[in-house]
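Engineer: Turn these sequences into a full structure, and let the hints guide you.
Residue numbers (our numbering), protein chains in the order written: chain A, 1 to 398; chain B, 1 to 398; chain C, 1 to 398; chain D, 1 to 398.
In case anyone wonders, no lab produced these hints; they're calculated from the structure.
Take the hints with a grain of salt, since some may be wrong.
Each pair may be met inside one copy or between any two copies, as identical chains are not told apart.
Unchecked claim - Listed next, the in silico DSS-like pairs over lysine-lysine satisfying Cα-Cα at most 25 Å (straight line): (1) K22 x K394; (2) K150 x K113; (3) K21 x K394; (4) K394 x K343; (5) K394 x K286; (6) K46 x K22; (7) K136 x K286; (8) K21 x K35; (9) K394 x K136; (10) K51 x K317; (11) K136 x K150.
4 protein chains.
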Amino acid sequence: MITYPSERVETIIGMIREFMKKEVYPIEGEFAHKKFGELLPLLNEKRAKVKQMGLWAPQVPEEFGGAGLSFIEHAYVSEELGRSPLGHFIFGAQAPDAGNIEILIKYGSKEQKARYLRPLVAGQIRSCFSMTEPEKPGSNPTWMETTAKKDGDDYVINGQKWFTSSAEGSAFAIVMAVTNPDAEPHMRASQIIVPTDTEGFNLVRNISVMGHVGDNYASHAEVLYQSCRVPQANLLGPEGSGFVIAQERLGPGRIHHCMRWMGIAERAFELMCERAATRDVAPGRKLGTRQIIQAWIAECRAEINAARLMVIDAAQKIDKVGAYEAREEISLIKFYGAGVLSKVLDRAIQVHGALGVTDDTPLATFFRHERAAHIYDGPDEVHKVAVARRILRKYGLN
Amino acid sequence: MITYPSERVETIIGMIREFMKKEVYPIEGEFAHKKFGELLPLLNEKRAKVKQMGLWAPQVPEEFGGAGLSFIEHAYVSEELGRSPLGHFIFGAQAPDAGNIEILIKYGSKEQKARYLRPLVAGQIRSCFSMTEPEKPGSNPTWMETTAKKDGDDYVINGQKWFTSSAEGSAFAIVMAVTNPDAEPHMRASQIIVPTDTEGFNLVRNISVMGHVGDNYASHAEVLYQSCRVPQANLLGPEGSGFVIAQERLGPGRIHHCMRWMGIAERAFELMCERAATRDVAPGRKLGTRQIIQAWIAECRAEINAARLMVIDAAQKIDKVGAYEAREEISLIKFYGAGVLSKVLDRAIQVHGALGVTDDTPLATFFRHERAAHIYDGPDEVHKVAVARRILRKYGLN
Amino acid sequence: MITYPSERVETIIGMIREFMKKEVYPIEGEFAHKKFGELLPLLNEKRAKVKQMGLWAPQVPEEFGGAGLSFIEHAYVSEELGRSPLGHFIFGAQAPDAGNIEILIKYGSKEQKARYLRPLVAGQIRSCFSMTEPEKPGSNPTWMETTAKKDGDDYVINGQKWFTSSAEGSAFAIVMAVTNPDAEPHMRASQIIVPTDTEGFNLVRNISVMGHVGDNYASHAEVLYQSCRVPQANLLGPEGSGFVIAQERLGPGRIHHCMRWMGIAERAFELMCERAATRDVAPGRKLGTRQIIQAWIAECRAEINAARLMVIDAAQKIDKVGAYEAREEISLIKFYGAGVLSKVLDRAIQVHGALGVTDDTPLATFFRHERAAHIYDGPDEVHKVAVARRILRKYGLN
Amino acid sequence: MITYPSERVETIIGMIREFMKKEVYPIEGEFAHKKFGELLPLLNEKRAKVKQMGLWAPQVPEEFGGAGLSFIEHAYVSEELGRSPLGHFIFGAQAPDAGNIEILIKYGSKEQKARYLRPLVAGQIRSCFSMTEPEKPGSNPTWMETTAKKDGDDYVINGQKWFTSSAEGSAFAIVMAVTNPDAEPHMRASQIIVPTDTEGFNLVRNISVMGHVGDNYASHAEVLYQSCRVPQANLLGPEGSGFVIAQERLGPGRIHHCMRWMGIAERAFELMCERAATRDVAPGRKLGTRQIIQAWIAECRAEINAARLMVIDAAQKIDKVGAYEAREEISLIKFYGAGVLSKVLDRAIQVHGALGVTDDTPLATFFRHERAAHIYDGPDEVHKVAVARRILRKYGLN
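Structural biologist: Written as structure tokens, this is what we have:
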């Protein structure tokens, strides 16, 4: 039973849904194989319309220039935006900027807010988040090689990062680096703002991902920090709090992420049903009369419902008792939701036959890009192990 | 996030949980391989205690002798009772009596209520429900061979039924039989009360199910109705409404059923975790330190949560808009819940190793008896097809 | 493409198949819920017929009283016998006697052969194998608590065993016990013959398994060895070789075991197809016209073929290079085959609907008894880990 | 147990394996995101080396310019070539040319052989196969809209095709078109050679597939035939035999296809094991010590073995009794093999973490391109239904 937390959200959802169908879906085809930079002028036109509608940066408090939705409200909005690969970008709610905005709101100094937060929310600049390292497992975020050493009033940063998404064209990066190597593991790293024009910030390459080198916002950079020097004033929050901030960034953000997946899953489900209802498999016989297809539709419906209810349940728990107390629920939706997403996409493609692997529908784009859902923000397996250990502790296993 | 609809329910759940651990779990072992009749004296002692606690027949309105819980409240109670194969029986909430009680409350005449309902609620008599036929698919309930023909003031019933569960020792059966063969399919059958001592009510055999012929309450009879004559006053509701009444009986009842499954799944999960946390696989190494086991625990946790949230969501929808409007949700939990149940049981057994197939835990009993969850009340596949067709209709496929 | 290794085998298979249909299938129903002891006279009649056919103890060399089939030949025979839960017993090829016969042939002294092997092959006595302990994981066979200490000319055995299958009515047990506690782990235990009438051999109980305490051959005993004294002449092979002998017993035996599973799977597949082809789901519409059922049939066919080819491939490898070199293949079929078996049984039951959980077909018996296929002779997970470690060693991981 | 049908094949496999590692693997990275046309000069150098090695066009009889391997021998070669997305192309064994070569050898007239076959085998020209239509399901190949009408000495072809792979740069297409609309369904279509420079052969677009419009050999065209006129001498085989020829092309070809998948699966398996054996997940702990990863490796090993044995079994059956008699086995490997392939690729990616979605390994390319394995040459579901119907016919269901 899909219900919304308030009438206000219901109205907003209605507006977004209409906008998506009219303005966003028609341009998706180009996104699949064109350069992002080429699309940008068109996307900026769409962004202007969103601003006019008053829905720009829906998750950002009004005082910082957003639409001021609550955590729970934005969950539902994120679901709607997720229905298109372009949704979040067009509404100013895209990763990694959204996460960086959260950090800057919570930990940014007055100067940092003025210089980085304002234009970022406004969509005048973009940013990136530089945490993952190629030689260290993302699943173990306290194990990191990049260092930031104090030197006079500066930090001097050295290290190699990759999957610094959207670095190309970004104004600044938020970099995770070890500042306190002798502290206990969770207190070693800090988050530091590094303008991308700083000497020693070297964008080595955009990594080719699933067949695309990508460009601009739609890219994943390998970045080499070589004696990259920034003022200590660029530190975010207290020194050594990098891991804690990262957790805070990830926790509730995962809800919006998972709701984005739900949006993708719903879109795929819709496409699958439309195809099944209209495609002839024999003269006068629609594909949807076939029991195998019917079974898939029912199973997908059940699993999307299941995942969605779990995400909303986790969101409510975060809202009530905080992300820390809800970390079991967050981990559960992370892997369960990714599993449902992959399964629904796979079946939606199969129902489309040859059309399913083309870019005439957004399914192939989703299929390529969302494979990573099982990997980023902690691979499925890491979440499973973490959940199980926590549960087994209640049974006396340490 | 497990929350209860009211403090009252929470208190009751606490009471039940304690009772189950102290009074019910210890006698489960005997249930697995003993005759039910032999256990009955012991079970009746337990039933007496439940009555003293004021929790007898929790789902039955107080005016008819029960504890008067609401539909939603009983869902949570059913979950708790489901944790043991003996729970529902000991609390006077067992199928098929619970369903028959519902029918009698809603459709029973004053006389029927006095004669059948009162002693049934009180646990003085038992009853059975005689619908399924061996030669006709249960999935197509309008296709039935048993007939009830009017003759004077009586109905004369002829036909063969099976899986008339708990017929042995029952005081009466509610029989589905075709009374109006020329009506449209859904209006052909009626429900009629048949005392089991009526001539022509022939209990042919208790069917051997999963290795047990069974006896008494724990049995599934094949019944041959041979010119079995009962007064027309034994008709329940209007003639031809048998199918409608059956649907009403099944719809909300499925919620309690599915919550019972959740109770089983939670019990199995608990046993699995206890075993993992305490069993040595090597000197000083517990089974629960193994990643494969950890992955199972996390996956089971996710899936039980998912199924449980779906059942509660369906219950709330029934409560708000009725079972008819919620039939998609009901079908979804029917097959999704059965799937989760089977998977959790299977893994719980595997974690127990050889112990898992013994009757030293209730897992093997659950494994044998709950395989039928995929079959009774409509096989999974029938629900899947029904859901998909309903969905595809919205996309224009008829 | 099912082919047989020789015309001789093809002829034997034909004979067995006919015998099974005519003599064995009709009595299966009784096996499900009757005491084995009650069935025994009937089974002995069948055994007599098998002896007349010259197919008794097919896997045992002619010099010891069997039909003398080769290792590979018996694989195919085992498949055929596996089609009924009674097949191996009726043909004198049942576990655990078959394994004990192998040990006695290979390691038995002249006296042991005369006293135990001859009557065992002849079916005059039965035996059991006492290895598994309740408090120690079967997956770690070198970790064992039962001891056999030398005292004069005797061993004095103390310890607790369970799943000593078929102990009730057995003339002797082969017991695994630690004789050399200070040797390296794989050289600590020995196998010793213990007549079951020896003082200190205490059959504590037949464990209730999947709802049945069982009896006679069809039972799984818990045995307490209390100062159980047997002559040292009862030792099998050299002292400390218990583990090696157990491996030898299990390795090639697993092939026959897995082929038995293939027989079960084929039987279930056959029943599933027969049901699908003949059961009406609507007037004039057979169940087998439903695509969901069709998909299951095709998937089961593929997976049975896959598993069967793997078993035969493993058998050929054993035949060529020995069980030790083929241990990867053996582990693979152990868990892959068990998985296929469970899946086919589950689907065959589902296709039968309510009939599937009754004992009117052998499916429910298979479903209950073969759940253990994932557990005995090493749980699936232990085999998976063993295979992976061996593979990863080739990639440099130790 | 991997064995080869002859020493000759074993030697060839060894040569190919070395060549692949030295010459092919190193250039794969560029294939993922570069234009094929840009790579072509480099690929032609590699092709020249293959010709020098005497392994060019391994599957083509020597009299037509190939290496003359038998059907079974080429199955093993195809497996090796499949280990790289570039393998078949570099060895002159790539689809759709390989299939077209088969047709031309079997059905081509002397003139057709001279003009089309010779330069095609030599790699001087390329070709395409124009069968699939966007508005008609590929699963029902007798239902087709493209027509070829006789007009004087010519055929005039009209219709729309898509997934005419590699059309860009091809010298000719083999087109399926209805020539005999009133014949029974399987006799309506014919195969006709259409040089791509014929007027009315309109390459509308290269379809964007999984994010790439593609080019040259690596493309999938939509082609509009508009009054496209070719001499009747371009007919292949007898008029109306198009479907029969297509079946002949597909049947045995599927073996080589499935063995190609096995090569991909083996490559992915190898990469997965290498990664597991070398990647640190914590200081001093390799990923491969984790049980979840170990379970995957064992399961993948089992399933690849299973699929491979099934493919070889099917190949042997084709070799003995022909493709028609082996169509059940062919259908089984089609869907079972595709399933194994997808699963292995998915897990190999997961083991690689973020690296898995990059083009730094060939896994992402395989993941994108081989999703279509479930679709082309008949979707999985069509094969399942076909197999099941054939099986159920033996049980009397028509």
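Engineer: For each hint, tell me whether it holds in the structure or not.
Structural biologist: Going down the list of hints, with the structure as the test:
1. K22 x K394: This pair counts as between: shortest inter-copy Cα distance 21 Å, intra-copy 52 Å.
2. K150 x K113: Answer is within: at 23 Å inside a copy they meet the 25 Å cutoff, but 76 Å across does not.
3. K21 x K394: between (48 Å within a copy, 18 Å between copies)
4. K394 x K343: between (32 Å within a copy, 23 Å between copies)
5. K394 x K286: between (53 Å within a copy, 14 Å between copies)
6. K46 x K22: The answer is within: 11 Å in one copy meets 25 Å, while 50 Å across copies does not.
7. K136 x K286: between (51 Å within a copy, 12 Å between copies)
8. K21 x K35: within (22 Å within a copy, 33 Å between copies)
9. K394 x K136: Between copies, since 24 Å is at most 25 Å while 31 Å is not.
10. K51 x K317: Answer is neither: 31 Å inside a copy and 37 Å across each miss the 25 Å cutoff.
11. K136 x K150: within (23 Å within a copy, 56 Å between copies)
This entry does not satisfy hint 10, going by the numbered hints stated previously; all others are met.
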